[in-house]
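Those protein sequence lines, which keep their order, are chains U and G. First residue of the first sequence? That's 1 in the UniProt record's numbering, and the numbers climb one at a time after it. First residue of the second sequence? That's 1 in the UniProt record's numbering, and the numbers climb one at a time after it.
Each hint should be verified, as a subset may be incorrect.
Note: identical chains are not told apart, hence a pair may lie in one copy or across any two.
Within a straight-line C-alpha distance of at most 27 Å, the following computed DSS-like cross-link-like pairs (lysine-lysine) qualify [to be verified]:
| hint | residue 1 | residue 2 |
| --- | --- | --- |
| 1 | Lys-399 | Lys-287 |
| 2 | Lys-55 | Lys-287 |
| 3 | Lys-73 | Lys-287 |
| 4 | Lys-177 | Lys-287 |
| 5 | Lys-287 | Lys-39 |
| 6 | Lys-130 | Lys-177 |
| 7 | Lys-369 | Lys-287 |
| 8 | Lys-287 | Lys-340 |
| 9 | Lys-369 | Lys-132 |
| 10 | Lys-369 | Lys-39 |
| 11 | Lys-399 | Lys-387 |
| 12 | Lys-233 | Lys-287 |
| 13 | Lys-39 | Lys-132 |
Read the hints as simulated data drawn from the structure, not as lab findings.
Protein chains: 2
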Amino acid sequence: MVAVNSTYRPRDLTINGQRLNDTLHQTCEFGAAHPWGPKATETGMARLALTDSDKAVRDWYVAEMKSLGCEVKVDTMGNICAIRAGENDGPPTAMGSHLDTQPTGGRYDGILGVMAAVEAMRTLHESGRKTKYPVAAIDWTNEEGARFPKSMQASSVWAGDITLEDAHALADVTDDKVTTLSELQRIGYAGDVPCSWEANPLGAHFEIHIEQGPVLENAGQRVGIVRGGQAYKWFEITIRGRDSHAGTTPMDCRADPMLTAAHFIVTASSIARAHGGLCTNGIFTAKPGSVNTIPNEVRFSLDIRHVEDAQLAAIEAEIRAQTAQITKTGYKVECAIEWKPLYANPAIVFHPDCVAAVRAAALGNVAEKDTREIISGAGHDSCCTSKRVPTGMIFIPSKDGLSHNPEEYSTPEDCALGAQVLLDAVLLYDSQRTA
Amino acid sequence: MVAVNSTYRPRDLTINGQRLNDTLHQTCEFGAAHPWGPKATETGMARLALTDSDKAVRDWYVAEMKSLGCEVKVDTMGNICAIRAGENDGPPTAMGSHLDTQPTGGRYDGILGVMAAVEAMRTLHESGRKTKYPVAAIDWTNEEGARFPKSMQASSVWAGDITLEDAHALADVTDDKVTTLSELQRIGYAGDVPCSWEANPLGAHFEIHIEQGPVLENAGQRVGIVRGGQAYKWFEITIRGRDSHAGTTPMDCRADPMLTAAHFIVTASSIARAHGGLCTNGIFTAKPGSVNTIPNEVRFSLDIRHVEDAQLAAIEAEIRAQTAQITKTGYKVECAIEWKPLYANPAIVFHPDCVAAVRAAALGNVAEKDTREIISGAGHDSCCTSKRVPTGMIFIPSKDGLSHNPEEYSTPEDCALGAQVLLDAVLLYDSQRTA
Chain U
1 MVAVNSTYRP RDLTINGQRL NDTLHQTCEF GAAHPWGPKA TETGMARLAL TDSDKAVRDW
61 YVAEMKSLGC EVKVDTMGNI CAIRAGENDG PPTAMGSHLD TQPTGGRYDG ILGVMAAVEA
121 MRTLHESGRK TKYPVAAIDW TNEEGARFPK SMQASSVWAG DITLEDAHAL ADVTDDKVTT
181 LSELQRIGYA GDVPCSWEAN PLGAHFEIHI EQGPVLENAG QRVGIVRGGQ AYKWFEITIR
241 GRDSHAGTTP MDCRADPMLT AAHFIVTASS IARAHGGLCT NGIFTAKPGS VNTIPNEVRF
301 SLDIRHVEDA QLAAIEAEIR AQTAQITKTG YKVECAIEWK PLYANPAIVF HPDCVAAVRA
361 AALGNVAEKD TREIISGAGH DSCCTSKRVP TGMIFIPSKD GLSHNPEEYS TPEDCALGAQ
421 VLLDAVLLYD SQRTA
Chain G
1 MVAVNSTYRP RDLTINGQRL NDTLHQTCEF GAAHPWGPKA TETGMARLAL TDSDKAVRDW
61 YVAEMKSLGC EVKVDTMGNI CAIRAGENDG PPTAMGSHLD TQPTGGRYDG ILGVMAAVEA
121 MRTLHESGRK TKYPVAAIDW TNEEGARFPK SMQASSVWAG DITLEDAHAL ADVTDDKVTT
181 LSELQRIGYA GDVPCSWEAN PLGAHFEIHI EQGPVLENAG QRVGIVRGGQ AYKWFEITIR
241 GRDSHAGTTP MDCRADPMLT AAHFIVTASS IARAHGGLCT NGIFTAKPGS VNTIPNEVRF
301 SLDIRHVEDA QLAAIEAEIR AQTAQITKTG YKVECAIEWK PLYANPAIVF HPDCVAAVRA
361 AALGNVAEKD TREIISGAGH DSCCTSKRVP TGMIFIPSKD GLSHNPEEYS TPEDCALGAQ
421 VLLDAVLLYD SQRTA
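This is chain U alone, in the form it adopts within the complex:
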């Protein structure tokens, strides 16, 4: 437990904003994709977890952290933890995020968090500052869940939410034969350090991230002091009907899973909206896939979210009840709807000491009117670490609230400010640590 010292003077170490932004864009050469403007930095990213481009940026990261005198540990999920020694031994105060991206992702989601940690480490290294306890920078494997369909896959293993075996067995969404383990081994990041909060603990976890929404920008504010995370659930919905001929099967004799799915999606969206929640269907496939054949099966993802656990439960219950009524698209035969839970994350409340450290660090850099307390709409590795260790997050504005999109953008000034707040929060937290 730490008590935040209100007389803390944050800016005794100053990060190098230019170097931070330069490094961010230089390392985005690994996996750059989807150009949207004339400048070299005006592209998105397609750096899916454990691909060759992910390996390339990992190799860069390991070499860089070693050059700063850090001890680099790779765990059994490929998480890379670079530790800088402190005056005392003990679990490190960590700064973590992820280097993997969505297939059509941007240059800031996750990447900024790791690059800010690198810049903080460079600043500590240059200053020769000895922290009270060790400080770490972490790259968490497959936060996005885009290639292997479990978001925060490796931080979930660390937190004990899922087993190492299940995580290792998780296959590439496009190829059943390619697993998380086989790809960790292929790129040389199947380490031997236990991926476990018990066997390999942290003292705390701080993360800077882009907001990925429009709230800070719309309010003209620069730093989000994150109080916690939205509750959300992911499902794979399979609707089975009967494949038959598009020209000869009367509308009233069909069991059409495509039409049922369309009704499902419209219904689910409407229910989530009515509750002030969110509903998204990002993946959709139909079999057998022929213009003039009614499909026999469609399968799609369902992602529902709400700030409150109880409201999320109500959204799920209403979608289940109402969609159960729409399976009968014809008169003779019905479709069957199957719900497969993929992931569930309850609402997260970050540790008050970490939130206080972030607030103090923010107020050491900008006026109070430029900050706001905020709930994260997205899941983050910090949502996993918060289950086991005091955790806090810092948000900076996202242009047009855009994320998971190549045109995702945050200004160099906001990136630098966020990295400074991260370093200050970590130094403050460290200074207050007693174990």
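Put chain G on the given structure of chain U with help from the hints.
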């Protein structure tokens, strides 16, 4: 022009129903798939056009027809025309259908038409009967349009509806680099006979086919005297929105093409149903395809049908008008809907002489109450030939109206009856030909 002789005695030649059914199932070993029952014949088919299994059944067919003394001609679209000489030269009276199937197809759609033609030829051969004019059996290439997305691809070329060049360039739906021409060449069926109604004419075209719908079965009738074909249109619909994060993008700030597509499909189905028409969406893809990213693009097929051309036009116009109103799923940004026409087939009216020949042949085999005049819900190669040459079709019942499904089934008795009606109609038509 022929005048149907009402004193015609149809059953002077009798087909071998057992042999017909045995041959049908034997040749279904080429491409058998999707078992649904314990018997060897209780499987569906996956014999897509110009695949190795299609080549295998073609090779069998060519050898069989040569063994019956037929001259076998392969045209530039791979259509295989087996001609049995008559007393006079002239374009043959043809019996045609197709040996390719849907990816999850059955054993009767198309296959029965070719096997009935084979059985009719065997019967003529055994009897030594000399017809007045030549008689032909034809296997038309890629009627299904499942692998290369143009239904009745090769009969459309023959009829001059599409060019040989366009048909040759048409690519496999799963691989842009594999074209119709490259596959014709690969399996050795890129012939040198012109695929053209002018350069390689027919005298008439008859086809027996399963109904693929429930009308005959529900009415307890055995032979459908087909008067023509339903009008239909195929489109590829692309809806473009903005990919952004599922957890952080408020519902009112989204341009969600998935939700727009769901509204589109519900709306289109409702409009088609209100007009007494049909609407099917068989293919659906979403990009980039991630659980927690709102897609930037979805693409799906739209197949709309009606017995009357004017009603089909009204359905299309209403879908266009109403779906144009649903592009704005959020408040800030809209989705864009693009319609790409893939295929259009106006309502088909078969030649009165051929319809009369089918009716006379049917009434020579069953009572009038066991027959009905019917409109085809599906497209058939006969819909193409009817544009250039007198054409008629015979339907037999489909169990549960099921087709484009592995469990597609017609009784051996109905298959035999249909083949007998086919032979009788051809002999009657031939006997009345004067040129």
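First find the shortest C-alpha distance between Lys-399 and Lys-287 inside one copy, then the shortest across copies, and answer within, between, both or neither for a cut-off of 27 Å.
-> Close across copies (22 Å), not inside one copy (38 Å); limit 27 Å.
Using 27 Å as the alpha carbon limit, work out where Lys-399 and Lys-387 are close: within a copy, between copies, both or neither.
-> neither (30 Å within a copy, 58 Å between copies)
For Lys-39 vs Lys-132, is the C-alpha pair at or below 27 Å within one copy, between two copies, both, or neither?
-> The answer is neither: 43 Å in one copy and 76 Å across copies each exceed 27 Å.
At 27 Å max between alpha carbons, let me know whether Lys-177 reaches Lys-287 within a copy, between copies, both or neither.
-> Both, since 21 Å and 22 Å are each at most 27 Å.
Is it within, between, both, or neither for Lys-55 and Lys-287, if the alpha carbons may be no more than 27 Å apart?
-> between (34 Å within a copy, 25 Å between copies)
At 27 Å max between alpha carbons, let me know whether Lys-369 reaches Lys-287 within a copy, between copies, both or neither.
-> Result: close neither inside a copy nor across copies, 53 Å intra and 39 Å inter.
Please work out whether the CA atoms of Lys-287 and Lys-39 approach to 27 Å or closer within one copy, between two copies, in both situations, or in neither?
-> between (41 Å within a copy, 25 Å between copies)
27 Å Cα cut-off: does Lys-73 pair with Lys-287 within a copy, between copies, both or neither?
-> Neither, since 45 Å and 36 Å both go past 27 Å.
How would you classify Lys-233 and Lys-287 at a CA-CA limit of 27 Å: within, between, both, or neither?
-> Cα proximity of Lys-233 and Lys-287: in one copy and across copies (25 Å, 21 Å).
Classify it for me, Lys-287 with Lys-340: is the Cα-Cα distance of at most 27 Å met within a copy, between copies, both or neither?
-> both (18 Å within a copy, 22 Å between copies)
Taking 27 Å as the upper bound on the Cα-Cα distance, should Lys-130 and Lys-177 be classified as within, between, both, or neither?
-> Neither way: Lys-130 and Lys-177 sit 47 Å apart in one copy and 60 Å across, limit 27 Å.
Can you give me the call for Lys-369 and Lys-39, within, between, both or neither, at a CA distance of at most 27 Å?
-> neither (34 Å within a copy, 76 Å between copies)
Checked against the numbered hints given earlier, the structure breaks hints 3, 6, 7, 9, 10, 11 and 13 and satisfies all the rest.
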